[in-house]
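Sequences listed follow chains A and B, in order.
If you read the first sequence in my numbering, its first letter stands for residue 30, the second for the next number, and so on.
If you read the second sequence in my numbering, its first letter stands for residue 131, the second for the next number, and so on.
Since the hints were made in silico from the structure, they are not lab data.
For each residue, glycine too, the CB sits at the ideal point set by N, CA and C.
A couple of the hints might just be wrong.
[Stated by the list, open to error] Across the chosen pairs, the derived CB separations fall in these ranges:
no., chain 1, residue 1, chain 2, residue 2, range
1, B, Gly-184, A, Gly-64, 27 to 37 Å
2, B, Gly-184, A, Ala-91, 30 to 40 Å
3, A, Thr-84, B, Asp-156, 22 to 32 Å
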Amino acid sequence: MSATISNLALDPDLDSYYLQDTLVRQMPRLLGQIGDIRGLIDTSSVQSLSSGDQTRLFASVAMARSTAEEIARDLTSAYRGDRDGTLRRKIEAPDGSDAVQRDLLPRRAR
Amino acid sequence: MAVMLSSVTSYLGALDDSFGNAGKVDQDALDDLRRSAANDAIDAWAGGLDALRGLLERRIDGLNEKLYRSLLLTGALAAISILLAFLTHRHIVQPLGRLEGLARRVRETGDYGHRVDDTSKDEVGRLAGAFNDMLGELDTAHKREVAERAEQAAQRAAVGAAQRLAGSHLLPVSSRDYQPTYVSESISGLFGCTPREYLQNPYLWRDHVHPDDVPRIAAWVDRMFENDRRSIEYRIRRPDGSYFWVDDRQQIVRDANGKPVEIVGSWTDITARKEAEETRRESARQARPAAVGSSRGHLQLCGKRRLRPHLRQRQHREPVRLQSRRISERTRRSGVRMFTRTTSPRSRPSRRSCSRLERISSEYRFRKKDGSYCWVSDEQHLIRDANGEPLEVVGSWSNIDSRKEAEQALLSAQRELEKATEAALAASEAKSAFLANMSHEIRTPMNAVIGLSHLALKTDLMPRQRDYVVKIKHSGQHLLGIINDILDFSKIEAGKLAVENIDFDLDKVLENVGNLISEKASAKGLELIFDIEPSVSNYFRGDPLRLGQILINFCNNAVKFTEKGEVVVKAEVVEDRKESQLILFSVSDTGIGLTQDADRASVSGVPAGRRVDHPQIWRHRPWPRHLQAAGGADGRHHRGHERAWQGQHLPLHRAPRQSRDGSRAGAFCSRICAARRVLDHRRQCAGAQRIVRHADQFELRRR
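The shape of chain A in the complex, shown without the other chains (with noise of 0.2 Å):
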């Protein structure tokens, strides 16, 4: 809603376009499926789950592994508009990012 009013939603410069997407859909919803994850499993072990439960502990991991994957090509995309290197620099420490992909994206290809 707050980048639909403040025009950030179309904004037409990358980096801040994918940053504000970052920040205001993916982080929220990458938080709220890790709550979730610990609303399951926080009382009981996963053995001990109906299979319902089991299956949206499933899906919720997935959905988790996707939301980050999908933070990690937001900020691959605000890096490549930031042509000075000015918010790589200022969001996150040197190598972070390829530490990122190294992590995830194999894991993607598994």
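Chain B: place on chain A using the hints.
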């Protein structure tokens, strides 16, 4: 952000591992990983927000810098534009405006002598120089064009004058050496040649001129320059050999010095006009002898446009000169003046009325030389040509004083006659009114004479005295009847005769007639027969008294002038309708009647004629007015071959009562041959039983 992603990935990887190792999950390690991932995510989110803010601030700064630069650039461009506009206005717009104003002035004034005052060396200066050169050339061309137009206008004026002159079909324009320079296309219709052929042989027309007209044309050509406008009519031969009339008109066009420069001529086909003139002359030749041969004054009015008398001949004056051109102009004008001065405007014949009617006539008065007036009858006849077009009006005056005097005498005699008629009618009405009012006074002593004589007869009288008293009584009754008739006549004339409209029984009327007449008939030994058709209704609505009077009058006449034989009263239906019947009542006798002439003379109601065997006795027919009052149509009273007959048609309306069936008597007298014939006829018509009843009633035996 990379740390957050790494933590989340580790947490999710731990979860995947826990799914594969059932019962060996380290719940605390998962919680640590989850907590770490959540904290890292929050930190990354906060850091991302800072990064986004910084990114946006940097972008705003860039935009502000761009705006500032744009403002500077815009100001610089505006200053440059103002400078350029100033320079353009000073060096281009103002000189062009001056050029435009000059062009407008040239257009409005038509004066090409204006010039632009601009001596600069730039493009505008060169443009002004070119404009000045153009104006100079236009000025020269305009002057040349004006001169050419003036020349063409002069030519057109000359040609137009020639065309107006003749409505030309041909328009040759000759140059100064008299060689034609132009000829119209219509030359082919005249000479059968093309304009080019005519220009190559300009004297072609001379070969087509009628030989009789050549000397006249030659003389006309010799006097070419005597008048600027001339015309001559002559004949030209067509290609088929026939001749037609043309009107050759020429006009000389001169220059400012009066020197002839051109001759504009035209030929106009006037054959139709010539034929009309010939027809008119022929009509005039036919009309004049009739007018001249009469004793009436003669006035010939000619032409469609002018009412101009060609000839005026006084009454009883010898018609010496008939042709209008031989009458002096003074005489002709005096005729017109006299005609228009001495007649009232209403009585003057107008050209419109002359052309609309074939013949008009009017009567009015002329003032003579001595100042007195005489009545004249003016008759005018319209003469038309072969095409029906009005050509000539031939009129005549005649003195009608004697007829007017006779008419006046007749009018005065008619007025006197009308006065005498009115006086006679008034006297007659007074007499009728007097008699109608005196009826009571006249009848009263007569009734006394008759009544007292009747009483005297009932006393003892000597035979001689009785004879005297009987004659007094009969004469009194007869005189009373005459007086009653006269009084009725007077009532009719005075309009006081009242006709009743009541229901009555026809049989009773006939019975009353029979009672009154039978005594006289039997005294003379006559048979009185009533022959009534069964189809005659019994009951009618009308005046029984007047009907009885008519029949009694018929019967009295019949009995009076019949010495022997019979008197037959007959009623027959002529027209039977639901509401009424038209009945013919007739009385025939075996006496002598009136001749046809005497009968016609009796229609007026006066004594009609004498019986041939009673020269002192007048026989009266029923009064026509009496019959009219009773609704009668017409009477008949004539002598047939054997019997005298008098009859009357009377329309009678049926009464609402039902008629009786066959009770009417066929005859009143018995043992008479005529009555037998009547009853036989009725038997054939109505049936035997009714005849038997009639025979029983009248003691007749069936044959």
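Hint check results:
1. The hinted window of 27 to 37 Å between Gly-184/B and Gly-64/A holds, with their beta carbons roughly 29 Å apart.
2. At roughly 34 Å, the beta-carbon separation of Gly-184/B and Ala-91/A lies within the given 30 to 40 Å, and the hint holds.
3. Distance hint check for Thr-84/A and Asp-156/B: the Cβ-Cβ separation is about 23 Å, which falls inside the suggested range of 22 to 32 Å.
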